[in-house]
Structure formats: C-alpha cells, structure tokens
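There are 2 protein chains.
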Amino acid sequence: MNSLVLDFWFDFASTYSYPAAMRIGALADTAGVVVNFRPFLLGPAFKAQGWTTSPFNLYPAKGGYMWRDLERICADLALPFRRPDPFPQNSLIAARIALLGLREPWGEEFCLEVFRTEFGEGQGIDDAEAMRGILTRLGVVPEPVLQAAQSDDNKARLRDQTEEAARRGIFGAPSFITAGGELFWGNDRLERALRWANSSGA
Amino acid sequence: MNSLVLDFWFDFASTYSYPAAMRIGALADTAGVVVNFRPFLLGPAFKAQGWTTSPFNLYPAKGGYMWRDLERICADLALPFRRPDPFPQNSLIAARIALLGLREPWGEEFCLEVFRTEFGEGQGIDDAEAMRGILTRLGVVPEPVLQAAQSDDNKARLRDQTEEAARRGIFGAPSFITAGGELFWGNDRLERALRWANSSGA
Numbered sequence: 008m009n010s011l012v013l014d015f016w017f018d019f020a021s022t023y024s025y026p027a028a029m030r031i032g033a034l035a036d037t038a039g040v041v042v043n044f045r046p047f048l049l050g051p052a053f054k055a056q057g058w059t060t061s062p063f064n065l066y067p068a069k070g071g072y073m074w075r076d077l078e079r080i081c082a083d084l085a086l087p088f089r090r091p092d093p094f095p096q097n098s099l100i101a102a103r104i105a106l107l108g109l110r111e112p113w114g115e116e117f118c119l120e121v122f123r124t125e126f127g128e129g130q131g132i133d134d135a136e137a138m139r140g141i142l143t144r145l146g147v148v149p150e151p152v153l154q155a156a157q158s159d160d161n162k163a164r165l166r167d168q169t170e171e172a173a174r175r176g177i178f179g180a181p182s183f184i185t186a187g188g189e190l191f192w193g194n195d196r197l198e199r200a201l202r203w204a205n206s207s208g209a
Numbered sequence: 008m009n010s011l012v013l014d015f016w017f018d019f020a021s022t023y024s025y026p027a028a029m030r031i032g033a034l035a036d037t038a039g040v041v042v043n044f045r046p047f048l049l050g051p052a053f054k055a056q057g058w059t060t061s062p063f064n065l066y067p068a069k070g071g072y073m074w075r076d077l078e079r080i081c082a083d084l085a086l087p088f089r090r091p092d093p094f095p096q097n098s099l100i101a102a103r104i105a106l107l108g109l110r111e112p113w114g115e116e117f118c119l120e121v122f123r124t125e126f127g128e129g130q131g132i133d134d135a136e137a138m139r140g141i142l143t144r145l146g147v148v149p150e151p152v153l154q155a156a157q158s159d160d161n162k163a164r165l166r167d168q169t170e171e172a173a174r175r176g177i178f179g180a181p182s183f184i185t186a187g188g189e190l191f192w193g194n195d196r197l198e199r200a201l202r203w204a205n206s207s208g209a
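Protein chains in written order, with the numbering used here: chain A, 8 to 209; chain B, 8 to 209.
Some clues are possibly wrong.
The list treats identical chains as interchangeable, and a pair is accepted whether it falls inside one copy or across any two copies.
What the hints assert, rightly or not - Subject to a maximum C-alpha distance of 25 Å in a straight line, what follows is the list of computed DMTMM-like cross-link-like pairs (lysine to aspartate or glutamate):
no., residue 1, residue 2
1, 54, 167
2, 69, 195
3, 54, 150
4, 162, 78
None of these hints come from the bench; they were simulated from the model.
Remember, it's a predicted structure, so these values are computed and weren't measured experimentally.
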C-alpha cells in the first residue's frame with residue numbers, strides 16, 4: 008500500500024480545474040505522490056447551495072474577477088487561455104467518457120485534452136462530436152467508447168462518484184483529498200495538498 | 008510619486024483577512040511596496056449578492072472547510088488561532104476607529120491588534136469595551152477616539168470607503184488593488200499582488 012496518494016476531484020466545467028489539471032502531473036511527480044483523477048459533476052453541489060448555474064454567472068463582480076484572475080494564472084504558467092462560450096459548458100458527456108478512460112491508459116491524457124480544448128482553445132466540449140475529435144486525436148476509436156459511456160452502468164458510476172464527492176465534503180472544484188481524508192479546495196491549494204499527502208500525517 | 012503602492016482592503020469580520028494582515032507588513036517591506044490599509048464593510052457587498060450573513064454560515068460545507076483551512080494556514084504561519092463566537096463579529100465600531108487611527112501613528116498596529124484579539128484569542132470585537140481594551144494596550148486614550156469614531160463625519164467616511172470598494176469591483180476580503188487598478192482577491196493572492204505592484208505595469 009502506497010499512502011502517498013492524492014485524489015484530484017474536478018469538473019470539466021470548472022475554470023480553476025484547468026490550471027490544476029495542467030500542473031498536477033509534474034508537481035506530483037516531484038513530490039513523489041500518486042494522483043487519482045476523480046471527475047464528478049458540480050451541478051448537484053451547486054443545487055444544494057441554491058444555485059441554478061455557476062456562481063460566477065450569478066455574481067457578476069466575482070465572475071468578472073475570476074476571468075481576469077484565470078487569465079493572469081494562465082499567463083504565469085504560459086498556458087493558452089480562451090473563454091468558452093457559453094459558460095459553463097455542460098460537462099456530462101466528457102465526465103462519463105473520462106470515467107471509462109481512467110480505467111485505460113488514455114484516461115488522464117483525455118482529461119487534459121478536454122481542458123485544453125475548452126479553456127485553451129475556447130471550444131465546446133458538450134457534445135458527441137467534440138468528444139469524437141478528442142478521442143480520435145488520442146488514437147482511440149470513438150464509437151465504442153461513446154456507446155459505453157452512455158450505458159446505464161456508466162451513468163450510475165458517475166452518479167455514485169458525484170455522491171461520494173458530496174459525502175467527502177466537496178463543495179467546489181478543483182478539490183484535493185489525501186489518503187487521510189484531508190480536504191483542500193482550489194488550484195491555489197495544490198502545492199499544500201501535495202505537501203500534506205507527502206507528510207507522515209497522510 | 009511612488010507607484011509601488013498596494014491598497015489592502017479588509018473587513019475585520021473576514022477570516023482570511025487575519026493571516027493577510029499578519030503577513031502583509033513583512034512581505035511588502037521585502038518587495039519594496041508601500042501598503043495602504045483600507046478597512047471597509049463587507050455587509051453591503053454580501054447584501055448585493057443576496058446574502059444576509061457570511062456565506063460561510065449560509066453554506067455549511069464551505070464554512071466547515073474554511074475553518075479547517077484557516078486553522079492549517081495559521082499553523083503554517085505559527086499564528087495563534089481561535090474561532091470567535093458568534094461569527095461573524097460585527098466589525099462596525101472597529102472599522103470606524105481604524106479609519107481614524109490610520110491617520111495617526113497607531114492605526115496599523117490597532118488593526119493588527121483587532122485581528123489578534125478576534126481570531127488569535129477568539130474574543131469579541133463588537134463593542135466599545137473591547138475597543139477600549141485594545142486602545143489602552145496601544146497607549147491611546149480611548150474616550151476621545153471612541154467619540155470621534157461615532158461622529159457623523161467619520162460614519163460618512165466609512166460609508167464612502169465601503170462604496171469605493173464596490174466601485175472598484177471588490178466583492179470579498181481581503182482584496183488587494185495596485186496603483187494601476189489590478190484587483191487580487193484572497194490571502195492566497197497576496198504574494199502575486201505584491202509582485203504585480205512591484206512590476207513595471209503597476
């Protein structure tokens with residue numbers, strides 16, 4: 008058993024999940040921590056807080072700030088950044104495919120490619136056509152994956168994963184949870200989460 | 008004119024303003040940046056977002072996380088931490104006194120002492136008695152200050168300052184604004200704000 012593990016919970020629609028996803032691989036390698044990608048849906052968490060869309064849309068001052076902040080963060084990281092329209096994108100189909108892919112060798116690269124498409128290029132990620140393009144670029148034959156992604160089994164898995172997120176206290180994305188259950192929220196907490204995962208406390 | 012200036016906007020009731028206030032002096036000195044302490048009231052900003060109390064009370068998962076996160080942050084900084092009860096504290100009288108004090112030599116130390124009392128010791132800061140104790144510890148005769156703090160003039164100054172915060176796009180605390188108008192929100196953005204203030208772009 009390796010206790011140097013960090014669960015990385017994210018929603019493809021989440022803006023700050025983009026820089027977190029782009030950074031986590033190299034940082035975790037350096038820290039000697041193994042990362043589990045855990046896609047889930049923020050929608051139910053937002054509904055529980057009485058929100059019908061992203062809080063960045065509901066609260067314009069906060070939303071305006073977030074876009075500027077994300078732009079600065081991406082510039083610091085030399086990451087391409089382009090705001091998708093509409094925002095937020097519906098992340099359901101991408102999350103279902105990611106759940107399948109993360110049992111295969113192409114899962115993490117799929118996740119990164121979805122984020123790059125959405126926030127690096129500002130392209131939509133909410134339909135089968137977009138997914139076909141990404142899978143094809145990764146050398147994965149799309150149709151069997153699209154079909155399996157929409158199976159009742161896989162739909163139930165995403166619901167379970169989303170319920171697990173709520174049970175574990177997650178209310179936003181990205182979130183990081185150590186093997187010992189310590190929760191960190193936000194791209195800006197990634198380094199601290201890795202240090203926690205790598206300390207004896209786990 | 009020194010353009011290496013950073014405005015530090017905070018509400019005494021704001022939890023993350025505590026570590027920001029405790030850190031900003033030394034970090035700004037190192038960065039060669041002059042800091043202006045700008046106390047204001049978050050209440051009107053929260054009301055504009057439809058909130059009747061702190062979002063940390065309205066959203067329990069987020070609130071529970073915030074207290075744990077703040078505890079970790081204070082431990083990392085070796086800052087004492089104790090949660091005040093009730094939370095949030097009413098910060099009106101402290102903000103009015105701070106506005107006066109920041110025209111005098113004792114203003115910044117008063118602000119730090121309010122934060123220490125509230126979040127380091129978990130004591131109330133919402134009445135004249137608490138303010139008398141803090142002023143006395145700083146060697147300031149309390150009564151004239153308390154009286155001037157409650158003058159119509161000074162009340163209007165705090166309203167103006169709070170309206171200015173909203174005009175400048177502030178929706179939470181702590182916030183930092185450079186001479187060029189660049190806004191940063193959150194204790195975790197303090198270092199970035201100082202680097203921005205110290206860059207040619209101001």
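Hint check results:
no. : hint        : verdict
1   : 54 with 167 : within (17 Å within a copy, 36 Å between copies)
2   : 69 with 195 : both (17 Å within a copy, 16 Å between copies)
3   : 54 with 150 : neither (32 Å within a copy, 50 Å between copies)
4   : 162 with 78 : neither (34 Å within a copy, 38 Å between copies)
The structure shown violates the earlier hints numbered 3 and 4.
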